[in-house]
Amino acid sequence: MFGLVRYLKGYRACAVLGPLLKFLEALMETFVPFIMSDIIDVGINTGDTAYVFRRGLLLVFIAVLGWIFSLSAQYFNARASMGFGLNLRNALFDKILSMDMETVDRFSIPSLITRTTTDVVRSQTGLNMFLRLILRNPFIVLGAIIMSGIINVKVMIFYIILVPVISLGFFLTIKFARPFYNKIQQGIDRITSFCRENIIGVRSVRAFGIQEDERKHFENETDELFENQVKADRIAALNTPINTLLVNGCVILVLVIGSSFVNDGRLLNGSIIALVNYLFQILLAVERTATLIDAFNKANVSSKRIKEVLDSESPEHLDNGSELEIDANAPLVEFKNVSFSYDKNGSCALSDISFTLNEGQTLGIIGGTGSGKSTLLSLLQGIYPATEGSVLIGGKDVKEADPVALRKMFSVVQQKPMLFSGTIRDNIKFGNPEAADEEIDRALKASVADEFVYDKEGGLNFSVEYGGRNLSGGQKQRLALARAFVRLADILVLDDATSALDYVTESKIRRYVTGQGTNSKTKVIVSQRISAVLLCDRIIVLEDGCVKGSGTHEELLESCDTYKEIYLSQTGDLEEAES
Amino acid sequence: MKKKERSAAGSNTLRKLLNLLRGDLFRLILSLVLLGISVVLSLYVNVVIGQAVDLMVGKGNVDTAGIRNCCIVISACVVISAAFNYIVKLILDKVAFKTVRTLRNKLFAKLQKVPVSYIDKHRPGDMTARLINDIDQVSDGLILSFAQAFSGIVTIIATLVFMFMLDFKITLIVLFASPITLLVANFIARSIHKYFKKQSEIGGDLSAVADEAISGITVLRSFSIENVYRKKLSEKGENLRKASNAAVFFSSTVYPTTRLINGIIYAAVGVVGAITVINNGNLPGGLTIGLLSSFLAYASKFTMPFNEISGVFAEFQGALAGAGRVFEVIDEEDEKELEGAEKNFGSEGSVKIDNISFSYLPEKPLIRDFSLDVKPGIRVAIVGPTGCGKTTFINLLMRFYDVNSGSIYMDGIRSTMIERKAIRRNFGMVLQETWLRHGTVRDNIAIGKPDATDEEIVQAAKLAHADSFIRKLEKGYDTLVSDDLAKLSYGQKQLICIARLMLTSPPMLILDEATSSIDTRTEIKVQLGFKKLMKGRTSFIVAHRLSTIKNCDIIVVMRDGRIVEQGTHQELLSRDGFYKELYNSQSN
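Residue numbers (the numbering used here), protein chains in the order written: chain A, 1 to 579; chain B, 1001 to 1588.
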């Protein structure tokens, strides 16, 4: 949490004022027993009613003052922590948007989402709690100790010893219970995912008739959870009784020692009452801190997770409006002996790939799952750098190119189409903010999306829900295609972009893509289906990260066995393919 | 009216919960008694401290022996109170944990027995939320907060009794002034509700934006629209900040304000008490200094249990709602078998479908006038565009759902007259949506035949062409897998599911897009394995890629829930109909 202090920017004064006012409030609270002992020692013992009234008014005054301090403290604390949360979220989001894909993968997208949402909220709540409550309690303990010291130094020494002893007891119980709590959390996670799997696989579970088996397994898990809960409880429940015993032990000490002080006239009985009250103030404060620390720990874990992202080293990718300088004489795309592996010691996802693609040409890439097709596309767009060899766009090595300028070269349709909440028009316009409705209409026709878009309520104004939830997979894919079609980029990249479409629709789209009507004149089409790449100027056959063949459809049928096998597996008879 | 219904439902839920606790009734009553004693003793300590203070009047006037006695009483009270407190907590927590376990087990067991349609209607996240959060809420909100409420009530009563014993007049001050605290706290809580509502609305909205932007980060980048989202998020963030500021600030005024009121009551009690002591001359029998201090201790803590109890109330309501959601599932009716339904059924492979119709929603008919006669050992392919009812047909065949009208006969027996378990035992099934159970690869392959030997398992994996990749996993056949883990690709998961089938070899097969995620070359090899397996077995094959079903004995072409054509590949091609259109679009 404290590593993130700089995100208090703009709210620093609040973050200082808040605790300061809290401190004053705590001070007010510790005055109370002192004044009450005055009422007894001076007021009652001398029978001075007027004095009693004056002191009573002082008590009310102190209560009001404490209230004012407290409210203003809460105000500043809320401001500081919520401002902190805002700064933190913005910084985190900026960082995520500008980090390279390798870093994104390392953290994983779901985890980055949790960090920007839940973790930020927990951190700001944690900060607020810290400023508001955790600081208040030590102030009270400190104040109570000092005030008791003013009454009697010897008793104060007991109190000074008492506080660490209580804290020690608390930390010991936590320490011994912690392993069980961890097991409990893991148990709950396991139960959740087991139940989830059981629900998702309901048809398989019933088809195999393993319901009983599943139930027994589940009950074993809940039994284990129960055991751990009971064990953790045995330790954690010790806390309260131990604290009560310690503090009341101290009360007895105060009574015994105090009575001897009263006996020799060093103390009055009102002071004894005050001392006992301070003791109970200390107990209450320590107990409150104990319950808060657990919640605060959670916030601390969250801030650590946020800090991890903010501190991760990743080149900044920012849009400075520049465009890629292209050498018109060089081929538009060139791969020179490119090899790539995702982790440094791992096996090669691509090895020794070389090819060129000139402006206006269409390149097809075909291969099975895991053959390296998508990896090749990532290298092409400079999302990952080549491990060996170089990828050149217009004669320029993508490693040296400005990544944002590089991205402007491409119009990409990904395998998993991703749409955003907003209207259909908004979504398509992400491809080209300037696109007029006529252009959008053209793109929709080209992606065979017009039929369903205009059927929907509002047509282009139909509002797409979060992630495109209210559209089918095929509809999403067609809209993603339309979005790419309106974009003004040099190279159109389709990464298995028609997998959810039926063959009739696919062939219509294919005809458009391989034709002359597209905005991007150079195209790269990746697919598992021969039919999708059939008409390309050149087809590259990938298997296990290596190029197995390259040429036109006809050439490959002659020269490339892998291609021929794929072809037969998709068109011919099984027997034919086998022979 | 509605309110009445709701409270009736609430009391119903409560009754069910109490039923669940019946076995622990003695333990619960015992712990409440102990809890009561513990609370009273810990409160009594205050009186004894006051008495001790009264025994030290001033210089040379201290009753040391009396104080020693007081200290002994205090020790005894505290030790007993602390021990009881510990015992009670252990008992109550154990009862709570046990109830949680029982509820979870019941919920899960129910999920194994409800109709598939019930599960299809609920999102998995909804069920796991009931399983975890709602049930936790039941234990926290009902059992534990009940104990808290009980100890609060005992505290209030005991405190009142002790205070009345000390001084009647001053007790009245406390008694009438304290409710003000509650009223104020309640007033604040009610008036800040709208801020919280706003905060959670904006917060949810903001989370959705962040979620969407980060999930779609590659798209944001490739279209260079990061700034659109950057702006969106920081604007929403600023709105959230303002809303949260209000919500957090106003909610944090509750405690200081109640403290203020308590402080004023405390001062009033102090002043009135001091004057009473002065008038009384600090003589035993009336109010004394020590007793005033005891009184002050009670007065300062008097409102605390009220606050706790009102908190308990909110929690109790939440818990009741949670329990309602849990019982809603537990009370769901089991899937029933018809009386006299066949328990043991060994199919010879004849399936006759007689004019069936079916729909998930009454207003959207899905399968209509569907008839088909399948002789034993026949390979039936079912093809057609997405949404035409292919998978629904499989659901009916396996009796995951039952037909609305018409009948399915298996070996001449109406399928509703055979127990579902018995029918399913006769089918081997591989679905497009693969499912792996949490466990080792070996366990997963042996799911349909738990007593399979290692050789059999490896043999099945080889037939499914899964052996080579399984061996490459970190622990081979002992590698732990689960549906959620991303360790395996879709294709690999599908191969494991196919290996399961290879191991069990049941009399009938269902392959619903069983090889859709496998690349076409491996697919061919797997298909050859299937071909051997299908020999002599009635098989139903749903496929998107027509090239994989060309050799089936009958191809059934479906469109909008009806059979539009049926015949062999050659027959259908020569007919120049929908099949030919589909086929040509694929092999163009």
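Hint data in this document are derived by calculation from the structure and do not stem from the laboratory. Only a predicted model underlies this, so the values are computations on that prediction, with no experimental measurement involved. Ideal Cβ positions, reconstructed from N, Cα and C, are used throughout, including at glycine. Some hints here could point you the wrong way.
Derived list of chain A stretches under chain B, where covered just means 3 residues or more per stretch with a C-beta under 8 Å from a C-beta of chain B [said to hold, decoys possible]: (1) 90-98; (2) 194-202; (3) 324-335; (4) 403-410.
Hints, one by one, checked against the model:
Counting residues of the region 90-98 of chain A whose CB falls under 8 Å from any CB of chain B gives 6; the rule of at least 3 is met. Counting residues of the region 194-202 of chain A whose beta carbon lies closer than 8 Å to any beta carbon of chain B gives 9, which meets the minimum of three for the stated coverage. Counting residues of the region 324-335 of chain A whose C-beta lies closer than 8 Å to any C-beta of chain B gives 0; at least three are required, and the coverage claim is violated. A stretch counts as covered by a chain when three or more of its residues have a beta carbon under 8 Å from one of that chain; for the region 403-410 of chain A and chain B the count is 4, and the coverage holds.
This entry does not satisfy hint 3, going by the numbered hints stated previously; all others are met.
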